[in-house]
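*Asks:* Protein chains in written order, with our numbering: chain A, 1 to 176; chain B, 1 to 147.
Treat the hints as calculated values from the structure; they're not laboratory data. It is possible that part of the hints are untrue.
[As the list claims (entries may be wrong)] The calculated lysine-lysine pairs, modelled on BS3-like cross-linking and capped at a C-alpha distance of 30 angstroms, are:
1. A/Lys76 x B/Lys59
2. A/Lys56 x B/Lys133
3. B/Lys133 x A/Lys115
4. A/Lys123 x B/Lys133
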Amino acid sequence: MSKSDKNVNLSNPQKSDFENLVKMNMKKAYYIALGFLGSHDLAMDASQEAFIKAYKNFNKFDKSKNFFTWYYKILKNHCLNIIRNIKNKKEDNYIEIKNISENPLDNIEQKEQIKLLEDALEKLSFEKREIIILKEFEEKSYLEITELLNIPLGSVMSRLFYARKELGKILLKEMI
Amino acid sequence: MNDRTLYLIEKYIDNSLTKEESVELEKIINNSPEIKKDIEEQKKVREVLSKMKLKDPSKEVWDGYWLDIYNRLERGIAWIAISLGLLVIFGYSSYEFVQSIIKDTHMPQFVKISLGVFFFGLLVLIWSLLREKFKTSKNDNYKEIQR
Chain A
1 MSKSDKNVNL SNPQKSDFEN LVKMNMKKAY YIALGFLGSH DLAMDASQEA FIKAYKNFNK
61 FDKSKNFFTW YYKILKNHCL NIIRNIKNKK EDNYIEIKNI SENPLDNIEQ KEQIKLLEDA
121 LEKLSFEKRE IIILKEFEEK SYLEITELLN IPLGSVMSRL FYARKELGKI LLKEMI
Chain B
1 MNDRTLYLIE KYIDNSLTKE ESVELEKIIN NSPEIKKDIE EQKKVREVLS KMKLKDPSKE
61 VWDGYWLDIY NRLERGIAWI AISLGLLVIF GYSSYEFVQS IIKDTHMPQF VKISLGVFFF
121 GLLVLIWSLL REKFKTSKND NYKEIQR
């Protein structure tokens, strides 16, 4: 059970307990879904639908474990189903620059960089995109990623290395 | 590239190398220009990614997030109740309708048989749909999700 989960009564959860779980995890859930699906509407819908599935299957959740780790598997499966069913329905610019420049010329360049990065991420396999989203955008630690993906630390590191390498191949020619 | 080298590179990129690991990586880099090139490439990609973030939705989106889930759950329950109610009403009406036809002495025999065939077809259709739904639910991936 994570520190944040301890504030919630998981042994006999009421709607208000589940509401707290949703509120504690909704942003992480949304951003991960956004990284996977590249669309605000799809990410919103997928993350909410995954919470509903989690609620309906709550009796299967091992209460001694971390809720988000369990929820993540539901979310990932749901996003994979969406990706399988809805091809090329990505909306532009689901990524933005952290510090937006006030110089209009820089701004144009930044917009181009965003577009290139979004296209490059789209070209990665789901596995590689997943690890980039978790590490680079969601800033998860290696240990958190091992728990979420249920793979050893070494695999996390090598997957990250090869994901960046492939992303680099696509990006370096254009951006750097 | 071996696992140890990958581990060291990843820790270097993440700025979490210990002194001993730094020395170890330096030795590896000095012996392999290829690895040095890989590291430079990884650093550049990391630099690009560090400038970016996923777009934030508006504050209202977060305010309404739980309410959306609650509404969907509530509507799910409502739909189940409506479906059950309709099923009972439909079943009872069908029973009464069939009874009235059987008792109706003025209705020609062929009409009674046609109605019988029609209702039989309807029952088979409902049964087939329910069986398909049950099978889909049995193979639902989410049912396996458990830790």
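*Asks:* Please name the hints from earlier in the document that this structure breaks, with their numbers sorted from lowest to highest.
*Replies:* 3, 4
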